[in-house]
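Asks: As given, the protein sequences belong to chains U and Z, one line each in that order. For what it's worth, my numbering labels the leading residue of the first sequence as 1, then goes sequentially. For what it's worth, my numbering labels the leading residue of the second sequence as 1, then goes sequentially.
A hint or two may mislead.
[As the list claims (entries may be wrong)] Chain Z regions said to be covered by chain U (calculated; three or more residues, Cβ under 8 Å): (1) 2-8; (2) 20-26; (3) 32-40; (4) 48-59.
[What the hints assert, rightly or not] From chain U, some residues computed to sit far from chain Z (all C-beta separations above 10 Å): (5) L8; (6) P9; (7) H25; (8) D112; (9) R114.
Derived by calculation from the structure, the hints in this document are not laboratory data. All C-beta atoms in this analysis are idealised placements derived from N, C-alpha and C, irrespective of residue type, glycine included.
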Amino acid sequence: VTDGSAGLPVLDFPAGLAGFPAARHFLLVRLAVDEDTGIFTLRCLEDPDLQFVVADPARLFPDYAPEVDDTTADRVGLSSAEDALLLVVLTLHDRVEASTANLAAPLVVNRDTRTGVQAVLTGSPWALREPLTRTG
Amino acid sequence: VLVLSRHAGQSVMIGHDVVVTVLEVRGDVVRIGISAPRDVDVHREEVFLELRAANVSAATVPEGALDAVRRLLPPPPEGAAGQPAPRPQPRPDRRPRPRG
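With the rest of the complex left out, here is chain U (with noise of 0.2 Å):
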């Protein structure tokens, strides 16, 4: 998804995200051009003054495994897990060990038709605010 320079891959979320319902379509952009960091930036079409930084949990939470419910996959058409991309939205402060990662309500967007919805995980115990420093 987020390979090749011809054109970086818009994603689309129908519903919005909370706080933010009329930011639909976000251009997905690596923090670093060269270099596999798993973070990017989601750069708001409708508004150019809003962006996100997401990350691949993979990276920073090797343990994180959500599950999604079957409306919410169906919600952005995945059939199958593996069509899913997973990204998790950041808030970062000057200090890093007061960045957070939200945990609680990851992306979740099916890669053929980038499609994602915010998913909120009910009862789930992953933190809406996770330190992104544990161990300092």
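Following the hints, put chain Z in place on chain U, whose structure we already have.
Replies: Chain Z in isolation, oriented as in the chain U frame:
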């Protein structure tokens, strides 16, 4: 605020395609079923408010924070370059949420 009385099994239409059905009333707990188009998010209010607050704070990215977070990253696992993200595991939905 519009106030309506409904019996269990009865519904309310919101717009053309959102159906809210009272499924069961037991004590002070009311179970409702919501059928909505797939581009309409349905959340418990307190969950929505928390999620919105988290998203709003995430939308502010301090200058320099991106470099800081890069330095924090562990090196990529061996042979993991280009690997897709881990798979979310679908499971049966525990909460009834019929969709039209």
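Asks: Next step is simple, just say for each hint if it's right about the structure.
Replies: Structure-based check of each hint:
no., hint, in the structure
1, 2-8, "violated (count 0)"
2, 20-26, "violated (count 0)"
3, 32-40, "holds (count 3)"
4, 48-59, "holds (count 11)"
5, L8, "holds (16 Å)"
6, P9, "holds (13 Å)"
7, H25, "holds (13 Å)"
8, D112, "holds (12 Å)"
9, R114, "holds (14 Å)"
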